[in-house]
Amino acid sequence: MSQEHISFQDISKRFRATHALRKISFGIRRGAVHAVVGENGAGKSTLMNILCGKVRTDEGNILIDGKSAYLDTPAHSFRYGIAMIHQELSLVPNLTVAQNVLLGEEPCYRLPFVNWAEMKEQARIAINDLDLHISVDDIVATLPIGQQQMLEVIKALTRHARILIMDEPTSALSELECGVLFRVIKSLTTQGVTIIFISHHLDEIFTVCDWVTVLRDGQHIATERIRNIDQQQLVKMMVGKSVANIYTRQRNQSTGHCLLEVNRLTSAGAYRDISFKLHRGEILGIFGLLGAGKSEIAHAIYGLHPADEGTIAYKGVPRVFRGPKEALRAGITYIPEDRKSEGLFLSQSLENNIIASILKRCSRFTWLLQKQRNAIAQRQKKLLSIKASSLQALLQELSGGNQQKALMGRGIATTPTVLILDEPTRGIDIQSRAQIYDSVDQLAAQGIACILISSDISEVLGLSDRILVIYQGSIKHQVLPDQATSEQLLHLAMGGMPQ
Amino acid sequence: MRVPIKFHIHKETGLLLILLLFVVTLSIISEHFFTFQNIINIIRQAAINGIIAIGMTYVILTGGIDLSVGSILGCSSIVAALIMVETELVSLAILGGVATGLLLGFVNGVIITKFSLPPFITTLGSMVLVRGLALIVSQGRPVSNFPDSFRFLGAGVIGIIPVPVVVVVLLFAAAYIVLRFTTIGRTIFAIGTNSRAAHIVGYAVNRYLALIYVFSGVLSAFAGLLLIGRLNSAQPIIGEGYELDAIAAVVVGGTSLFGGSGGIGGTAIAVLIIAVIDNGLNILNVSSFYEQIVKGALIAVALLLYSALDRKGGRA
Amino acid sequence: MPGGLSQERGIVSKGLFALRKRITHLNIGTLLIGLIVVMLIISPDFRRGGNFINILRQSSVLAVVSIGQTFTILLGGIDLSVGSVAAFAGVVMAGLTCQVEINPLVAMAITLLVGIFLGSINGSLIVFGGVPPFVSTLSMLAMARGLTLLFTQGAPITCQDPFFTALAGKEFLFVPISVWITLVLAIAAIILLQRTRYGLHLYATGDNYGSAFLAGIRVRAITFSAYAISGGCAALGGILLSSRLWSAQPTVAVGLELATIAAVVLGGASLFGGIGRLHRTILGALLFGVLSNSMNLLTIPAYVQRVLRGIILIAVVAVDINTRRGSRPKRRKK
Chain U
1 MSQEHISFQD ISKRFRATHA LRKISFGIRR GAVHAVVGEN GAGKSTLMNI
51 LCGKVRTDEG NILIDGKSAY LDTPAHSFRY GIAMIHQELS LVPNLTVAQN
101 VLLGEEPCYR LPFVNWAEMK EQARIAINDL DLHISVDDIV ATLPIGQQQM
151 LEVIKALTRH ARILIMDEPT SALSELECGV LFRVIKSLTT QGVTIIFISH
201 HLDEIFTVCD WVTVLRDGQH IATERIRNID QQQLVKMMVG KSVANIYTRQ
251 RNQSTGHCLL EVNRLTSAGA YRDISFKLHR GEILGIFGLL GAGKSEIAHA
301 IYGLHPADEG TIAYKGVPRV FRGPKEALRA GITYIPEDRK SEGLFLSQSL
351 ENNIIASILK RCSRFTWLLQ KQRNAIAQRQ KKLLSIKASS LQALLQELSG
401 GNQQKALMGR GIATTPTVLI LDEPTRGIDI QSRAQIYDSV DQLAAQGIAC
451 ILISSDISEV LGLSDRILVI YQGSIKHQVL PDQATSEQLL HLAMGGMPQ
Chain F
500 MRVPIKFHIH KETGLLLILL LFVVTLSIIS EHFFTFQNII NIIRQAAING
550 IIAIGMTYVI LTGGIDLSVG SILGCSSIVA ALIMVETELV SLAILGGVAT
600 GLLLGFVNGV IITKFSLPPF ITTLGSMVLV RGLALIVSQG RPVSNFPDSF
650 RFLGAGVIGI IPVPVVVVVL LFAAAYIVLR FTTIGRTIFA IGTNSRAAHI
700 VGYAVNRYLA LIYVFSGVLS AFAGLLLIGR LNSAQPIIGE GYELDAIAAV
750 VVGGTSLFGG SGGIGGTAIA VLIIAVIDNG LNILNVSSFY EQIVKGALIA
800 VALLLYSALD RKGGRA
Chain Z
816 MPGGLSQERG IVSKGLFALR KRITHLNIGT LLIGLIVVML IISPDFRRGG
866 NFINILRQSS VLAVVSIGQT FTILLGGIDL SVGSVAAFAG VVMAGLTCQV
916 EINPLVAMAI TLLVGIFLGS INGSLIVFGG VPPFVSTLSM LAMARGLTLL
966 FTQGAPITCQ DPFFTALAGK EFLFVPISVW ITLVLAIAAI ILLQRTRYGL
1016 HLYATGDNYG SAFLAGIRVR AITFSAYAIS GGCAALGGIL LSSRLWSAQP
1066 TVAVGLELAT IAAVVLGGAS LFGGIGRLHR TILGALLFGV LSNSMNLLTI
1116 PAYVQRVLRG IILIAVVAVD INTRRGSRPK RRKK
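Chains as they are written, first to last, in my numbering: chain U, 1 to 499; chain F, 500 to 815; chain Z, 816 to 1149.
The hints are simulated quantities; they were obtained by calculation from the structure and are not laboratory data.
Idealized CB from N, CA, C, for every residue including glycine.
Among the hints, a few may not be true.
[What the hints assert, rightly or not] Covered stretches of chain F, going by a simulated chain U footprint (3 or more residues, C-beta under 8 Å):
1. 673 to 683
2. 701 to 714
[Said to hold, decoys possible] Some chain U residues well away from chain Z (every beta-carbon gap over 10 Å; in silico):
3. V55
4. V184
5. L394
Build the full structure now, drawing on both the sequences and the hints.
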């Protein structure tokens, strides 16, 4: 028992109707690198937020060093030595490395004068402790992202963190930088620092971690020593047996004529050599993990960021769209992945959001036709069963699921020929999911060609006619959903070899 | 009536109540206040600031700002006045004035969109620059004595109603309708709310932004024509400080400086409130030195209330 | 800021790239030195010793007020009220010295406190009232000007108290006292910003408010103090200005806010906060001084001078922004 640094006991958390966590119990040993894995929505981030004091538990206890800990606010949690390295870094970009590392804890000659030499020295010592080579005088914004991540670690350590939570720490790192990170992690554990490692990459987990805990649908599935299991077993535990019956789609076997042909599309640093064909009435799944380069491909087709090389032929004619406007006019619609920053106008009404892309159709000589506008919005609201007090309700008042449905409605309202859906169900409830799947199914039945970009395995398997697996920017494999299991798909997307 | 923003209702009715409060109080205090002549007078005095504030509302709704309106007003007035005096062609003079405003607004728009300079800096620079142009063109001398046909815009009367009153009412009505009932209005709100999303849903964001600054420039030029018509003289320093008056009217009217929320209605009421306060102080024989203090306090109080309202709304 | 059209921007930045390579080190210092060297060569009047003193004397007001403005802009804020506060301070100083007839040193202290107080009102509106800096200081711009007009009833207060007029008129070691004051203030401010915790925390707050808060910095206190400092500097500028004019005039310093913002921005500060150096602000103010002095000596008409000033402001910032682009992520305003 003395070896357990953190121990979760019967942790439960509900968000309204959904059980985010149910009776989670497991322990984490001191000085261990402990992976927490699970699919999107399995409850990893909720559990970590509880540990950081950002979310409170409904039930259960957390013991730290064997004693019950009160983690009500981030400040409390900090006092127990818990620090989280976020995916979005919290550095101050235009200050130097030394200034960032010791921000808020500057050494002073005598208040208020900062002892810069001492400050640099302390920062240098902290950096040297981890055997890193970062100049303390560099401006943080000019550092590569990997070094910025290291700085976060150093910053946490100088504030006496004993438990580091790393959320997808390698997502923006090059292979070389990953190597450095893993070395740092190893050296930290010898100093008794406990590391909770959240990752989607199997290789990494098996390289650096000692233990792994699998969560699924808010439940604790297993906690195992890494050396006692293999990759296949781990994937199996993550995916589980149950496949929800929200996928009712009948596969489209006959292929219509080709609408979109992408040939050797390449963009430096994002994707390379992407080629595929998209047919009428088909749903093409593009599956890959976070940061695999899926969205960037969609952006190229939609004209947001032109590719460096390669061609796109639409209805048999080579086209380069110079902007979303041209793509929309041609009949290609893109539903962006980040509904808050790229998709919606949150402080505007539901109606205005739905008709945003089809103002021309709702107007005559720029004059908005109220009836038409209303009718179109009403139709989408009904079609997708968007729950809102009225069409005039502001979008920020709706739930995430309904916001996503509004975004979907806006896409459908453009009556596209090709519809690109980028993560259409991220972070929304099961009911809204089912409704969105249903409408995608209907669209395909009407002959619309859909590209479904997703990192949700069951969604891709349940909905697509064909699946392209993307790994690190290139098409790794093409699979038919009937001939693949979730395990195989995940395995491929994590860089595994096809069997 | 459809209202795109929820707080907007509170803000506009609130403003209307404040206006009403001032009007009623002043009517009780002074019998000279609530007369037809005086009310018309108030609107006439509000006309110049009102016209500029229309363009400013559009600009601020997109999340920008235009500090050059006062200078553009000055420069285009001078150009119009010089053409008038030189050629004695009224239509050419008006055309020349408006074209000047259009061109200067276009320059603002191009610099902001093509070089992605912050609107604040761009229009600050053009404010200084354009004032210099006005002084060069006029050689620092006022241009005076225009024919009545040219002065009609500023000093003419239709029936018993002064032309500026008619003009400003029509412009506000048009601007309101465009913002509320046309695709242009929808696009402006969309850009101000989330310019990235506006680009993705297929709006020509940069073209719209440039056009908004052109619009602001044209309105400033037009306000200038009214002003020199009334004064029967165009001074090269005319319109100095007008940018801050217009911005004050827009923010008191409830339009957010961050863009995407607000509207023309609030601006119209705020312009009236400011004019009523001026007029009231005048009628009550209060030193005009209080004018600025009251105006400043009005801005602070209005914004404090909005901020409190927003916070309350945010929690609910 | 417009959303995208990366293509068009690409063309622009490609065009600028050639230019950029040549002028990577175009900063305010080189610009200033270049201008001075050119003037030294072509204008004999510029070389006279008295001329330099003159430039310094004339730049001191702008420099002092710009120092305060730098604090607010480093926070990503702005202070539009400095011109009005300066005018009001001039009135308070001249009024206390020559009408109330108290000790001029005491009068000066009181005036500075009044400036700090007005700045604190700005700070309170921003920090506690949640009013955006642009609007809260705009309201102070109107109110302070109104107070000035009210106190003076629109007429200037002339004051020939020897202490009062000596501030800008008398020289110490061949340099006007006002320039010495500016120098001392500048050094103090540079030390405050570059050598103390306060300065570091100010930069951090302006750069990334959220991260600064998470690091335990008292972001609200920092914000409040910046506006108080700006108010104090504006008051000092007002004192020096009225001393130079031998009178407090209610309508002076109109538009000073925009001149100070221009000086700060010319010095390379970002209006989004977190970037900027105080000594470069002072060089920015000095550039304006040398520029108008040179243009006067070259008998460039005053009107053309304005046009040139506007063009220089836009051009310098355009070059600055386009050379800096890409080195840091774009962020939304707070």
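Q. Are 3 or more residues of the region 701 to 714 of chain F near chain U, judged by a Cβ distance of less than 8 Å?
A. As far as the region 701 to 714 of chain F goes, the hint holds, because 3 residues have Cβ atoms under 8 Å from chain U.
Q | Nearest-CB test (10 Å) between chain Z and V184(U) | A | holds, 22 Å
Q.
Minimum C-beta separation from L394(U) to chain Z exceeding 10 Å: can you confirm that?
A. Holds, because the least Cβ-Cβ distance between L394(U) and chain Z comes to about 20 Å, which exceeds 10 Å.
Q. Minimum Cβ separation between V55(U) and chain Z greater than 10 Å?
A. holds, 17 Å
Q. Within the region 673 to 683 of chain F, is the number of residues with a Cβ closer than 8 Å to a Cβ of chain U three or more?
A. holds (count 4)
Against the hints set out earlier in the document, no violation occurs for any number.
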